[in-house]
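Engineer: Quick mapping for you: the protein sequence lines, in order, are chains A and B.
Heads up: the first sequence at position 101 corresponds to 101 in my numbering, and the numbers run straight through without jumps.
Just add 1000 to the spot in the second sequence (first one is 1) and you have my numbering.
None of these hints come from the bench; they were simulated from the model.
One or more hints might be untrue.
Here are the simulated BS3-like cross-link-like pairs (lysine-lysine), alpha carbons at most 30 Å apart as the crow flies [what the hints assert, rightly or not]: (1) K1095/B to K533/A; (2) K251/A to K104/A; (3) K294/A to K261/A; (4) K1103/B to K318/A; (5) K1103/B to K317/A; (6) K1016/B to K317/A; (7) K359/A to K1103/B; (8) K294/A to K1103/B; (9) K292/A to K1095/B; (10) K251/A to K1095/B; (11) K343/A to K1095/B; (12) K682/A to K1016/B; (13) K332/A to K1011/B; (14) K332/A to K343/A.
Since the structure is predicted, the reported quantities are computational estimates derived from the model, not experimental observations.
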Amino acid sequence: MLNFLGRYTAIITTTIVFVVLVVGVLGVNFNLSFQTEANAEVVNIAGRQRMLSQRVAKSLANVKAKALSDEPYSKPLDELQTAAQLFNRTLLAFKQGGPTLSTKSGQTYLEPVSGSQGEKAVYTALQIWQPMNGLIEQVINQLGESNEQASLESAIGSLTQAQEYADSNINRLLKVMNDLTNHTESLANDAADKSRLIQSAGILASLLCFAIIMYLILGQLRASDMRASMARRETKQIFETVDQGLFLVDKDLRMGSEHSKALESIFFTDKFENKSFTQFIGGLVSASDLDKVKRYLDLLFDPHKKQRLLTDLNPLKKLAIQVEEFGQPRTKFLNFSFSRVFKDNQIVSVLSSVSDITKEVTLANELELETRRNQQQLEMMLALMGADSDMLPEFLASSHGAYANVNELLKGRANSALEFREKADAMMPLIHKVKGDSAALGLEFISQLCHQFEDKVQIVMNKRDPSGDDFLSLTVTLEQLISTNQQISSIFDAIAGSGISGGSAGASEAETGDSRMKLMQLAETVSQRQGKKVNLSIAGFDEAWVPAKVKLDVVSLASQLLRNAISHGIETPAERVGAGKSELGQVTLALYSQGAQGFRLVCEDDGGGVDFDLLEEKAIAQGLLNPEAGGKITPNRLVNLMLTNALSSKSEADEDAGRGVGLSVAGELVSKLNGKLALSTKPSIGTRFSVRFTNFDKGSNAQEPMIEQKMKGVA
Amino acid sequence: MYRLLIVDDSKLIRQKIERECDQNLFHIVGSAIDGSQALSLFFQQAIDVVTMDLTMPELDGIECIESLVRLDPDVKILVISALNDVATGMEALEKGAMGFVTKPFSGSELQSALCELVEDELQVRL
C-alpha cells in the first residue's frame, strides 16, 4: 500500500494542489461577485445623488411657482423634503459610513468613500450642500408651520434665497456628484479588474496543475506499459526458449492462451488456445486413460488433496504417441507434469509441463535389455557350471537336432489348413522334449523359451484357417533358441577349456548328484507354479548303473514323469485336505539296477489317479476316439492315446503340462530306449509309472518301439 | 503428536512403517491387518492419521476409507499401495484419502509423505 502511494506521490500531491486551486478560485470568485454587486450599488447611489440634486433644484422651483400663484404646494414640498433628506443622508453616509436607502429596495450600508478624489468630492459637495440644506429646511419649516400670509411671504423670501443659491450652485454640485459617480465607478472597475486578474491567475494555475497531472499520469502509464511490455517480452523469450511444452489448464480443463514454443514442436501444431485439454489429449490416449486424466486433474483442483502426494497417480507420466518424422513413423514418449497455480489462496489453474523423454525411455529400455541379457548370460554361466558336463553335449546335440527338424518343418511348403496343422502337430513334441531336457539340466531360460514357442504353436493350431504368416513369429523364437544354443556351446567350450567346471568325465558320483539336484529343483519349480505342496523322494539315482550315453534320456524321462506326476497326479492342497489326505503330496522317483544289463525307473505319486472319464470325454472331443465307430473304449486304449497322442486331462495348458505332449515325449523316450512301461492307477490313491530297461549292452538303439501297459487295479 | 493407525495386510510393510515413521511427530496407536480391524480400532480411540493399503482381505481399502471418512471427515488418510491399478488409487482419493505413495517406498519417502500430509497444521503450530 505504501509502495503504491510512493509510486503515485507526485500525482496525488499535484491533484490536491489542483483541487485546492479550483476551490480557491471558486471561493474568490464567489466573494468577488458579492463585492462587484456592492460596488455597482455604490455607483448607482452616487448616480442617484446627481439626480437628487437636480430634483431638489426642480422641486424648489415648483414649490416657489405654486406658492406665488397661490396654488397648493404641499406635493412639491413633500418631494423637496424627501429628495433633500435622502440626498443629505446619503452624502453623510458617503462621508463617514452609514445606512441609506438602496436603489433597489430597503436599506443598504455605505462604507466611507475611499481615495483622495472621492473624499475631495464628498467634502466639496458637503460644503456646497450644507448651506443649501439649511435654506431648504428653513423653507420647509416656514411653509409647513401655517398658512399665514406673513410666514408665506417670508417663506417665499427664503425660497427665493434657496433657489438663487441652488441656481448658482447646482451646476457645481452636479459636477461634484458626477465626480463622485465617476470615482466610485473607477473603484468598481478596479475591483472588477482585480477579480478578473485573480480569476485568470487561478484558472491559469489550475490549468498548469492539470497539465502536470496529465503529464505525470501519462508518464506513469507509459512506465507501466513499458514494464508490462518488457515483462511480456521476457515471458515470450522464456516461452520461446524452454525445452518443455508449457501451458495452463483452467478449472473447466481448457487450455490457456499462452504456451511455450516447444509445445508446438512436440505436437506439430500451434492450435492450443481455448482448446479443451481432454479433447486434445483424447486423441492420444485410450478412453479409459482419458477418464483417468480427467479424474487426476479433478484431484489436482481439489484443495484437500496434497499435490505432491498425487504425483504417483499421474496417468501421463509416460505417454507414448505415434508421430511421423521425415516421413517415418516413430514412437515418441512424453512426460506431463502438473503443478497448481494459486491466486488469493484458490487453485485457479494447473500449469502443465510436457517434455519429450524418448531418449530417456529408450536408454532405460536399452539398459533393461542389456541387464536382462547379462543376467541371462550369468544364469547361463551358472547353469552351465552346475550342469552335468557329460549330459550337456548330449543336450546340445539333441536340441540342435530338434531345432533343425523344426526349422525344416517351418521351411517346408504347406498348402492347406490341414497341412499347417500337421506341421504344428509335428513341432510340438520336438520342442517339448527340449523343454523337458533343459528343465532337467536346470537351464530354466531355455525351457521358458520353449514354452513361449509352444504357446505360439498352440495359437496357430487354434486358428480356424492358419497360414504361412502365422509361422513367422515361430521363426523368431526358434532363432532365439538356436542362438542360445550357440552361446551355450561357446561358454561351455570356454569353461571346459579353462577347467572351471566341476564336471569331468570320471566324476560320476557328482554327476548323479547333479541329476538329483535338478530333479529336486524341477519338482520345486513345478509345484510352486502349480500351487501344490509336494515332497519328492529320490532313490537309487546315486547307485544305479546307467550307461553314459543314455543318461540324458533317462533323466529327461524321469523329469517328464515327475512333471506329469506333479501337474496331473498331485491334487491342490485344498482338494487333498477335502479328500482326507495330508496337504503335502508325495512323489517318489526311483532308479535301480535290475540284473546285469538292466535297470528300472519308477515314478509314483499319491495323487488322485488318472481320470479315465475325463480322458474319454477329451479324446472324443478332440476326435481321437469315435464312440460309435471305435468299438469299446478301454482304459488301455486311453492310456495308449495318452502316451502316443496329444491327449491330456488338464483343461488349460501351462508351462508344465496340459498340451498333452508331455507323456507322448515320455512314450517316445521309452520306445527309443527300448523300455517297457507299466502304469497302475487307482482313484484318490495314486498313480505309478514303471519303466523297465533290459539288454543294455552296446546295441541299445531300439529299432522297434514297444510299449507294454499293465493295468493293475483300474476302477 | 499425531495419532497414527497403520492398516496393511503385510506384516513386513506394517513393521517398515512403524520403524520408519518419525517418532517425534507420530505416535502409533495401532496396526490393523484389514479394513474391518481398522474400523474397530478407529471406534476404540481417537486417530488423526491413517496409512492405508488398498488390497486386503475382509474389508478392502476403498470401503474402509469411505467408512473412516464418514466417521471422521477430518481424518488424514495416506494410501500406500502397489501401483498396478491407477484407477483404484484414484478412487481411493476420490473417496477421501489425501495422498498416494507407491509400494515399494523408502524410509525418507514415507517420512516426507507423512509430513506433507499434516503440513498445513504444522505451519499453524509453528
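Engineer: Next step is simple, just say for each hint if it's right about the structure.
Structural biologist: Evaluation of the provided hints:
At roughly 41 Å between alpha-carbon atoms, K1095/B and K533/A are farther apart than 30 Å, so this suggested pair is violated. For the suggested pair K251/A and K104/A, the alpha carbons sit about 78 Å apart, so the restraint of at most 30 Å is broken. Between K294/A and K261/A the CA atoms are separated by roughly 25 Å; this keeps the pair inside 30 Å, and the hint holds. As the CA atoms of K1103/B and K318/A are separated by approximately 19 Å, the hinted pair is consistent with the 30 Å bound.
As the CA atoms of K1103/B and K317/A are separated by approximately 17 Å, the hinted pair is consistent with the 30 Å bound. Using a Cα cut-off of 30 Å, the hinted pair K1016/B and K317/A holds, with the two alpha carbons roughly 27 Å apart. Restraint check for K359/A and K1103/B: satisfied, since their Cα atoms lie roughly 26 Å apart, inside the 30 Å limit. Of the supplied pair hints, the one linking K294/A and K1103/B holds, its CA atoms being roughly 24 Å apart against a limit of 30 Å.
Under the criterion of a C-alpha separation no larger than 30 Å, the hint pairing K292/A with K1095/B is consistent with the structure, at around 15 Å. For the suggested pair K251/A and K1095/B, the alpha carbons sit about 20 Å apart, so the restraint of at most 30 Å is met. Taking the CA atoms of K343/A and K1095/B, the gap is about 27 Å. The hint holds against a cut of 30 Å. For a cut-off of 30 Å, the pair hint linking K682/A to K1016/B is broken: about 50 Å separates their Cα positions.
Restraint check: the Cα-Cα separation between K332/A and K1011/B comes to about 41 Å, which exceeds 30 Å; the hinted pair is violated. Between K332/A and K343/A the CA atoms are separated by roughly 35 Å; this puts the pair beyond 30 Å, and the hint is violated.
Hint compliance for this structure: hints 1, 2, 12, 13 and 14 are broken, all remaining hints hold.
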